[in-house]
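Colleague: Quick note, the sequences are listed as chains F, C, V and L, same order. Taken in order, the first sequence gives residues 1 to 473; the numbers are from our numbering. Taken in order, the second sequence gives residues 1 to 473; the numbers are from our numbering. Taken in order, the third sequence gives residues 1 to 473; the numbers are from our numbering. Taken in order, the fourth sequence gives residues 1 to 473; the numbers are from our numbering.
Just so you know, these hints were derived from the structure itself, not from any lab. Don't be surprised by glycine CBs; every beta carbon is placed ideally from N, CA and C. A few of these clues could be false.
[To be verified] If you want the footprint, here are the derived chain V segments under chain F, 3+ residues with CB under 8 Å:
1. 69 to 76
2. 124 to 132
3. 225 to 239
4. 424 to 434
5. 447 to 459
[As the list claims (entries may be wrong)] Quick partial rundown of chain F residues pointing at chain C, CB under 8 Å, derived from the structure:
6. Leu12
7. Thr15
8. Ser60
9. Lys115
Protein chains: 4
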Amino acid sequence: MEKFSPYIGGKLKATKQTFSVKNPFSDETIAEVYLAGSAELEEAIISAQRIEDELRYLPSHKKCSILMDIAQKMKEQRDLLARTLCLEAAKPIKYALGEVDRAIQTFIVAAEECKRLPSEHIQIDWTPAGEGKEGIVKYFPIGLVAGVSPFNFPLNLTVHKLAPAIATGCPIVLKPARSTPLSALLLAKIIDTTELPKGALSILPMDRESGNQLVTDERFALLTFTGSPQVGWNMKNQAGKKRVVLELGGNAGAIVTDTADIEKTALKCVSGAFAYSGQVCIHTQRIYVHKSIFNEFTTRFIELTSKLKHGNPIDATTDISSMIDEDNAIRIEQWVKEAIDGGAKLLYGGNREGAYYPPAIITNTKQDMKVCSQEAFGPVVVIEPYNNFSDAVGLINSSEFGLQAGVFTNKLDEQNQAFNELKVGGVIINDVPTFRVDHMPYGGVKNSGFGREGVKYAMLDMLEPKLLIRNYL
Amino acid sequence: MEKFSPYIGGKLKATKQTFSVKNPFSDETIAEVYLAGSAELEEAIISAQRIEDELRYLPSHKKCSILMDIAQKMKEQRDLLARTLCLEAAKPIKYALGEVDRAIQTFIVAAEECKRLPSEHIQIDWTPAGEGKEGIVKYFPIGLVAGVSPFNFPLNLTVHKLAPAIATGCPIVLKPARSTPLSALLLAKIIDTTELPKGALSILPMDRESGNQLVTDERFALLTFTGSPQVGWNMKNQAGKKRVVLELGGNAGAIVTDTADIEKTALKCVSGAFAYSGQVCIHTQRIYVHKSIFNEFTTRFIELTSKLKHGNPIDATTDISSMIDEDNAIRIEQWVKEAIDGGAKLLYGGNREGAYYPPAIITNTKQDMKVCSQEAFGPVVVIEPYNNFSDAVGLINSSEFGLQAGVFTNKLDEQNQAFNELKVGGVIINDVPTFRVDHMPYGGVKNSGFGREGVKYAMLDMLEPKLLIRNYL
Amino acid sequence: MEKFSPYIGGKLKATKQTFSVKNPFSDETIAEVYLAGSAELEEAIISAQRIEDELRYLPSHKKCSILMDIAQKMKEQRDLLARTLCLEAAKPIKYALGEVDRAIQTFIVAAEECKRLPSEHIQIDWTPAGEGKEGIVKYFPIGLVAGVSPFNFPLNLTVHKLAPAIATGCPIVLKPARSTPLSALLLAKIIDTTELPKGALSILPMDRESGNQLVTDERFALLTFTGSPQVGWNMKNQAGKKRVVLELGGNAGAIVTDTADIEKTALKCVSGAFAYSGQVCIHTQRIYVHKSIFNEFTTRFIELTSKLKHGNPIDATTDISSMIDEDNAIRIEQWVKEAIDGGAKLLYGGNREGAYYPPAIITNTKQDMKVCSQEAFGPVVVIEPYNNFSDAVGLINSSEFGLQAGVFTNKLDEQNQAFNELKVGGVIINDVPTFRVDHMPYGGVKNSGFGREGVKYAMLDMLEPKLLIRNYL
Amino acid sequence: MEKFSPYIGGKLKATKQTFSVKNPFSDETIAEVYLAGSAELEEAIISAQRIEDELRYLPSHKKCSILMDIAQKMKEQRDLLARTLCLEAAKPIKYALGEVDRAIQTFIVAAEECKRLPSEHIQIDWTPAGEGKEGIVKYFPIGLVAGVSPFNFPLNLTVHKLAPAIATGCPIVLKPARSTPLSALLLAKIIDTTELPKGALSILPMDRESGNQLVTDERFALLTFTGSPQVGWNMKNQAGKKRVVLELGGNAGAIVTDTADIEKTALKCVSGAFAYSGQVCIHTQRIYVHKSIFNEFTTRFIELTSKLKHGNPIDATTDISSMIDEDNAIRIEQWVKEAIDGGAKLLYGGNREGAYYPPAIITNTKQDMKVCSQEAFGPVVVIEPYNNFSDAVGLINSSEFGLQAGVFTNKLDEQNQAFNELKVGGVIINDVPTFRVDHMPYGGVKNSGFGREGVKYAMLDMLEPKLLIRNYL
């Protein structure tokens with residue numbers, strides 16, 4: 001049985017306590033992990049502080065070559081990384097490979113962006129008081145960063161915190177998800193072989209109590225959290241003077257208008273709804289279809305869903321596997337039942353088997369049912385017809401969340417209305433709300449989050465502007 | 001009879017020779033203008049050189065307040081300015097007032113932009129060779145500017161050269177159009193009352209021979225010309241080492257698809273086709289209408305055209321008046337005749353009366369007819385049906401010109417195709433190609449021009465970047 | 001006795017309770033002000049919500065003309081505004097006039113910036129997954145803004161919240177300082193005469209309890225506070241899901257090197273130290289002078305200080321008047337005494353008379369004395385010699401605050417070191433840390449604040465980015 | 001004997017005529033090259049036109065991967081590339097290796113920049129006329145590019161034209177220098193193995209007559225030339241409607257003030273003066289040294305120069321080798337003689353041996369001597385003392401050229417004066433004018449050039465802005 005140690009400022013350190021990481025599909029233990037506590041966190045913080053000044057002055061070519069080196073070494077270990085996260089997260093291997101590729105791309109983007117930090121040159125002489133003066137605004141690393149990453153993209157969402165930290169020159173201490181720490185710890189070993197100064201990175205599997213020190217410790221200048229809305233928002237008011245970035249979830253929706261290409265749209269929507277059992281922040285949970293094509297679309301959607309192959313995540317042909325744990329599968333089972341009991345109609349579905357919950361398609365729902373109003377984070381989708389476009393926009397907006405929305409349309413006025421009126425972080429025309437590439441600004445409004453990630457945008461929160469005013473004449 | 005003198009570096013100077021400026025509508029002489037020659041040009045250049053360094057160091061708050069002061073004083077003389085250009089250009093007073101308002105706005109935009117000169121801060125340390133170095137790029141005035149402005153917007157197209165010159169700190173010597181120099185000279189008198197250092201501006205009515213020295217004299221760093229394609233392109237190869245910006249004409253076209261709002265579209269197209277007798281660089285000369293609405297659109301277009309009121313430009317209700325001179329009216333008359341002789345059909349039209357040529361609407365043309373392929377710069381429009389959108393795009397592109405195009409559509413795919421494929425400087429969705437606001441980038445491709453105007457963009461051509469590399473560490 | 005009412009969404013409303021505003025110099029009551037409470041706040045919030053959508057769609061030319069109109073009307077009432085804030089704040093009239101001029105400039109900058117909202121166009125096709133897609137990021141108003149402004153710049157620091165709110169299209173509810181609400185309420189009356197939609201602005205004098213609802217009420221999307229560090233940081237953890245911007249204070253310092261021009265530097269430093277009795281966030285509290293010029297500089301500094309004229313703030317020749325209240329004068333008196341008791345030497349000073357505390361110059365201090373380490377916000381300055389530049393940098397940094405720093409030097413290496421190493425928001429070369437123009441980014445690090453103001457930068461916090469991804473091909 | 005063929009749109013094609021490429025050091029023929037003529041150029045143009053549309057729509061990830069692939073393959077052939085250009089140009093191998101590394105970096109920068117094309121989002125509603133409209137400016141490839149590259153950096157200055165062309169999606173036809181075509185043709189073979197669509201690149205060794213068609217042929221939208229001022233400026237007025245970028249030469253100067261570090265400065269200046277025998281556009285030709293350190297500096301400069309090792313360029317220890325041909329060596333010999341005959345003093349020098357001319361250091365010159373006023377492009381440097389900084393600035397500016405200038409100083413006021421007053425494209429503080437990294441904006445003013453290169457800047461000239469205005473509401 002492989003044992004994984006916390007990575008503390010350049011050292012792998014066993015601790016006194018371990019916990020088991022299981023394959024959610026087989027329920028077998030796949031590794032033991034040493035649990036870090038307050039002492040290890042203290043050590044990580046101290047090693048981070050020690051390296052802070054050196055990182056601050058690292059020239060961009062060095063940061064760039066470190067980041068490119070990590071990307072290169074990840075390419076070389078692509079299969080191992082993918083297998084690891086496949087096993088720890090029950091993520092079908094084809095999606096796991098995709099995630100590794102995206103994580104590599106995230107590092108490459110950071111390698112490029114560290115050479116393009118924001119800056120500004122300002123004419124100060126707009127009034128006589130400023131005559132003969134000019135300003136330069138340069139962005140400096142903000143200081144120590146605390147990161148918390150979730151189970152569902154255990155590699156790439158960790159990288160979305162590490163890569164910007166390296167690119168900006170901020171030391172980072174990261175707590176991976178308790179259930180899926182392996183790929184992150186594997187990545188730490190890879191990074192350890194590069195020239196990144198020791199102390200710049202620590203990855204500590206911790207229990208929630210120790211992890212909470214990441215939130216409250218005033219030595220961190222930034223807390224960047226990706227996870228559930230409830231946990232995230234609680235952190236914000238405990239964070240003291242530090243900055244907080246929250247990437248939370250939602251119940252993202254799509255609008256399918258009568259000018260949409262039904263076949264292409266259905267294909268994308270099935271993927272948006274059921275990829276990785278819907279355990280995705282921008283999972284397509286709600287689909288509003290113009291009434292004139294509702295039947296045709298729904299029929300095709302069900303057909304395509306029925307072709308999804310269930311199985312072992314390590315199998316290359318598997319489309320859908322177990323959820324992260326049985327508790328979550330049970331929760332979805334109950335939500336679906338509650339909806340049906342309340343009058344909703346199950347268009348497609350099946351019985352739960354342990355942690356596996358098969359794709360469920362529901363219609364005739366009420367807006368206050370959990371499957372509509374709360375974040376499912378599971379393989380369930382609600383499809384409803386709508387009459388006119390404004391109704392559909394209203395339905396998307398009648399949510400406490402606002403991450404992304406997809407709008408399938410060929411009409412300019414619908415596109416414009418969607419962009420102006422949808423209360424979300426991103427509107428994706430002719431694709432599902434689940435669409436993301438790693439360099440785009442990503443994040444939600446309302447209860448879905450606070451701030452933006454996406455390398456360049458994540459970097460901004462790790463930087464502090466400083467103004468230099470020079471007398472010029 | 002009022003006499004206007006050239007404005008030479010702060011002085012109004014009578015010369016030995018005068019010429020008459022006539023009202024093209026009444027053919028009456030409205031003013032005598034002293035003609036500048038080589039001696040006056042030399043004086044203007046020398047006074048410009050003398051002030052160059054002072055202008056270069058003018059703080060932005062001073063440039064801003066000078067530009068705002070000009071705008072304010074133009075507001076106070078709005079009626080006089082409008083009347084003057086109405087009379088010299090036979091521009092209906094309602095359009096003349098609009099032009100004055102736009103010229104004021106052009107100065108206001110320049111007042112704002114002079115505080116926002118481009119600049120850049122560059123990390124130099126992308127390779128070890130650049131370690132410890134940083135770069136700043138700042139933009140400095142390029143030097144003396146030579147401007148040539150046309151008859152059709154004698155005020156605002158002059159201002160599009162003067163305002164950027166003041167905003168960047170470049171002295172400018174401008175030659176207004178021979179037929180319409182009055183409003184520009186009136187503006188010079190206004191500017192003379194501001195704190196703009198003398199020498200920064202000269203406005204010299206010149207014959208073409210003297211004017212050609214603006215093109216060839218090596219003391220000018222930039223020639224900015226607005227006028228006819230033939231004249232403009234000839235200048236480029238005589239310009240020596242200086243920069244050249246050419247704002248020329250075209251035969252702009254619009255596409256009216258079957259998703260367009262016919263009423264709104266027809267209204268806009270009639271204005272685009274006949275405002276100021278089509279003597280506009282982005283005059284809507286060609287309209288391609290989807291065959292399914294061709295008849296309906298054309299009927300409505302003719303109806304609206306028939307309501308245009310012909311008359312004295314000074315009359316507030318006049319929509320259309322005389323062309324700039326009889327020669328041009330005769331030219332249009334011949335082009336229309338040539339088209340009809342070649343098989344085209346005149347849907348609407350009338351007989352020329354002196355310099356007045358009434359609106360002409362033609363269909364069933366061939367592409368090589370002058371009314372299609374050349375720049376009409378007169379009140380003639382060609383309307384043709386098309387079968388599919390790609391055809392319409394092809395028709396717009398089958399021209400040696402490429403200034404702007406209008407596309408009336410509610411379809412995203414048509415918008416995208418138009419933007420990708422139309423060979424023009426600007427694509428205006430749901431408006432005529434004749435649309436322009438003064439801060440947008442404006443200019444053509446192919447034979448329509450070289451470079452862009454639009455205050456900020458015109459300013460760029462009047463600025464020279466200079467890099468400062470500093471050792472930082 | 002003039003009575004001032006809260007301005008609630010377009011209406012001036014008397015309430016049941018009033019409080020007196022006194023002239024700190026004469027201790028006379030100059031006005032009665034109706035105190036707003038929860039009911040008025042609720043009304044303000046509801047009127048703000050009602051207008052939110054209309055503001056959101058206001059075209060930029062309308063926002064611009066409203067802001068310019070306010071600026072114009074303030075110019076017309078310059079004297080009244082200056083007198084009002086002179087009387088309520090005991091601010092010498094020459095500084096009061098300067099503040100009005102700056103407030104006008106702040107509105108003008110906002111008028112220009114509302115036409116230049118940030119935006120971004122992003123190539124999405126960096127990976128095959130993004131092929132055929134492009135992104136636009138546009139910034140939308142964030143929603144309701146709660147503002148809290150301080151007593152020391154009762155007009156301009158209020159405007160730094162109002163003007164960006166209008167420019168971005170966010171309704172704002174602002175609580176002015178309890179002791180100096182008059183100029184803000186006078187401004188409300190001016191704004192009421194413009195075309196700003198009613199509901200967009202409320203100004204409510206409130207007690208702290210009611211005011212605290214601005215912090216906790218979830219209907220506000222942003223809290224922007226300018227005031228004391230203690231109050232500000234407490235707010236941050238009560239603010240729930242809203243954004244928070246804190247502009248707090250500090251104990252700003254200057255470094256005077258041996259390449260400085262002593263005469264110019266001393267003049268600037270005396271102004272930085274004693275203008276408005278040091279009641280300025282970026283008050284020059286600490287001056288570190290190279291030992292080789294310490295005596296010469298200090299002698300000149302004392303001479304210049306001795307020429308400052310004490311008197312009635314309404315007198316045009318008055319340089320220094322009473323502090324905002326006697327409590328603060330007593331506090332400064334105690335701090336100075338404590339320093340002297342601890343071994344510091346008073347180079348210049350005098351006795352407190354009521355709320356007036358005369359300029360005090362101290363040397364031979366220890367770093368943990370209150371006059372060094374805490375925010376004095378009063379007319380006291382510490383001058384100490386230093387040996388080498390790194391020491392001086394270290395002294396500036398040995399503070400829990402970090403707003404701005406001034407460095408008087410002609411050496412490139414000192415400038416670079418200062419910019420790289422000083423832990424502040426802004427480094428001003430050859431001027432005091434007290435330097436500010438209203439369009440520059442302004443704000444502190446460490447305990448001095450959270451976020452930046454300066455119109456464009458304040459606007460950024462009032463805007464939410466939204467991404468539109470379009471399928472392009 | 002290796003034979004090199006022109007690379008025409010994807011094919012290597014022998015022609016009827018060949019010419020010999022010689023090693024300037026040994027005078028031995030090292031390769032035969034087939035000469036392209038009008039027929040081959042025609043073929044290249046046609047293949048370029050054929051691929052134009054496909055290139056235009058290449059997604060950025062494909063352009064990026066092509067460019068990175070070229071860089072990777074160049075790394076693999078680093079030695080061969082370096083040897084080739086070492087032999088054809090007599091460039092000492094250590095500099096040749098450096099040039100290959102820089103050329104690789106140039107491709108990497110282009111790979112990154114093609115994902116970051118310029119673009120703009122513009123609020124159109126600054127006036128009522130623009131209400132409801134928004135603008136996007138996107139940059140499209142301009143069309144066919146004609147490139148002409150010089151002998152002195154036969155690889156990297158070729159890459160500075162190819163890489164931006166690929167990054168922007170413009171087909172390019174390039175004429176390498178007649179004397180040094182081999183490394184460019186070797187690069188063509190490398191590029192041929194990548195996925196760059198055939199037709200996108202042609203490299204044609206041509207005689208000047210055929211080459212002149214690159215200037216005059218209207219099918220090219222841009223001519224980008226690097227070479228001598230005389231040839232370049234002649235091209236500009238023959239170029240018709242196309243854009244022209246000229247990267248020409250100069251007689252760059254450095255100022256060494258009394259605050260400079262003499263040892264470091266002398267080291268950098270010797271390198272700037274004699275690297276590659278001064279055959280560098282930004283060769284340090286003139287050094288103005290503050291009189292107080294003139295003797296000390298000059299002594300050290302001579303010492304360091306005397307240590308330069310002359311020899312075979314392929315030898316790793318060689319610092320200086322033959323010039324490109326004997327004619328140029330003779331020219332320098334004559335210029336030096338002329339200076340001495342006119343009263344100048346040779347501080348260090350030796351006798352010409354064939355194409356080898358040893359480093360020459362001259363003082364006591366007059367400004368109109370060729371070694372001062374013209375472009376030497378050879379191993380000669382003029383060192384003169386100056387009295388005050390303004391004099392030194394004046395001396396630098398008393399030249400018809402203005403490429404870059406170096407200023408060694410630790411004074412802020414000297415830096416500022418230099419940046420404001422020096423008439424050059426770039427001011428390098430504390431380094432020689434010869435400093436260049438490949439992503440910085442590079443180019444001259446006055447007779448030194450027209451436009452800027454430096455990947456991103458070169459790309460701008462290969463792009464045409466197009467405005468899209470959309471009705472938004």
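Colleague: Of the hints stated earlier, which fail here?
Modeller: Hints 1, 6 and 7 contradicted; others consistent.
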